[in-house]
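S.K.: Next come the chains, spelled out residue by residue.
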Amino acid sequence: MTWAAILVTSAGCYLLKLAGLLVPRAWLEQPVVARVAALLPIALLAALAAVQAFAVGSRLVLDARLAGVAAGVVALLFRAPFLVVVFVAAGTAAAVRALG
Amino acid sequence: MTETWQEVSGSVLRTALVVGVATGTYGLSFGALATSSGLTVTQACALSVLTFTGGSQFALIGVIAAGGNVASGSASAILLGARNLLYGARLAAPLQLTGWRRLVGAHVVIDESTAVALAAEDRGDRAARLGFWATGLAVFALWNLATLIGAIAGTAIGDPRDYGLDAAVPAAFIALVAPRLRTLPAWLTAAAAAAVALAVVPAVPSGVPVLLAALVPVFAVLVFKERAQ
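Chains as they are written, first to last, in my numbering: chain A, 891 to 990; chain B, 3 to 231.
The shape of chain A in the complex, shown without the other chains:
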């Protein structure tokens, strides 16, 4: 039963990924569709980052993560390289947690 669930889930997830790459170009080039498609990854990734920063299961929590993400954003505003942004976020969260 578990193996069936693993294989069905994997097949379904793969077909969804492939379907995205197979969407006809002409369809994507319609003006309204093109504008929605251009904004979609921005919306999904912004929502993902927000959920990762604030959610624990179905609760919203303010904890050391937020301090880390905020420090990363400050580094970003100071035009720090990507690697620095990520390390500042990780280091701040780990430090706040160790002190708390």
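Read the hints as simulated data drawn from the structure, not as lab findings. Just to be clear, a hint being listed does not mean it is correct.
If the Cβ cut is set under 10 angstroms, some of the chain B residues that face chain A in the computed set are [to be verified]: (1) VAL21; (2) LEU49; (3) ALA61; (4) VAL72; (5) GLY75; (6) ILE80; (7) LEU88; (8) ALA94; (9) ALA117; (10) PRO172; (11) ALA194.
Every residue, glycine too, gets a C-beta built ideally from N, C-alpha and C.
Fit chain B to the supplied structure of chain A, relying on the hints for placement.
M.R.: Below, chain B without anything else, positioned relative to chain A:
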């Protein structure tokens, strides 16, 4: 001042590696949780190799752990994978994949490869393609290695949170999306999508808030279209 391809590719590869390490390490958590949910080590590894999309994997083992209906667990796990379809539709043009490359590339259409590809796109489609493949392969290798270690060692290996990775991953996504936020519609879309997702977190299962945020660009385009007329 124009960057050479060597500079561009070096920068894109470093980003891919950092993203691969930060998110791949979460495979430790997945592997440990999968085996404590009743999966064998082989089953945990099979999920990471074959399904390879974290949100869906965690959703499925959550249902199995709770003793829920496995068929509906599969259905909701697949539903959560729908965001990869939306990523694929956006990536199809810059990636220009055909034949076997499209069949292989589809498997690594995930949050991380999309984010790095789009951040690199300003430096050309070639940089976007490198970002997509490098990130997809880095996350695939490290996520699967970490799943195996987590599944065998359980919770004995520390928690990714001890190293602040729970802050590093969202910070990485923010940094990768930031270059796309130069226009007002893009900025408002990102802010509204984050707000919508957080607002529904208490009301819907994990993974669904991000999917619901996909409605924001649909409304945004309709509203800005009205205003433009």
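S.K.: Compare the structure with each hint and give your call.
M.R.: Hint by hint, here is what the structure shows:
At a threshold of 10 angstroms, the smallest CB-CB gap from B/VAL21 to chain A is about 8 angstroms, leaving the interface hint in force. At its closest, the beta carbon of B/LEU49 sits 5 angstroms from a beta carbon of chain A; the interface hint therefore holds under the 10 angstroms criterion. Against a cut-off of 10 angstroms between C-beta atoms, the interface hint on B/ALA61 holds, since the closest Cβ of chain A lies about 9 angstroms away. For the restraint placing B/VAL72 at the interface with chain A, the shortest Cβ-Cβ distance is roughly 5 angstroms, inside the 10 angstroms limit, so the hint holds.
Annotation: B/GLY75 was flagged as interfacial toward chain A, and the flag holds, the nearest CB pair being 6 angstroms apart, inside 10 angstroms. Interface restraint check: B/ILE80 against chain A, minimum CB-CB distance 3 angstroms, threshold 10 angstroms, status holds. For the restraint placing B/LEU88 at the interface with chain A, the shortest Cβ-Cβ distance is roughly 5 angstroms, inside the 10 angstroms limit, so the hint holds. Against a cut-off of 10 angstroms between C-beta atoms, the interface hint on B/ALA94 holds, since the closest Cβ of chain A lies about 5 angstroms away.
The beta carbon of B/ALA117 comes within 5 angstroms of a beta carbon in chain A, closer than 10 angstroms, and the hint placing it at the interface holds. Of the supplied interface hints, the one on B/PRO172 holds, with its beta-carbon coming within about 4 angstroms of a beta-carbon of chain A, less than 10 angstroms. For B/ALA194, the shortest C-beta to C-beta distance to chain A is roughly 8 angstroms, which falls under 10 angstroms, so the interface hint holds.
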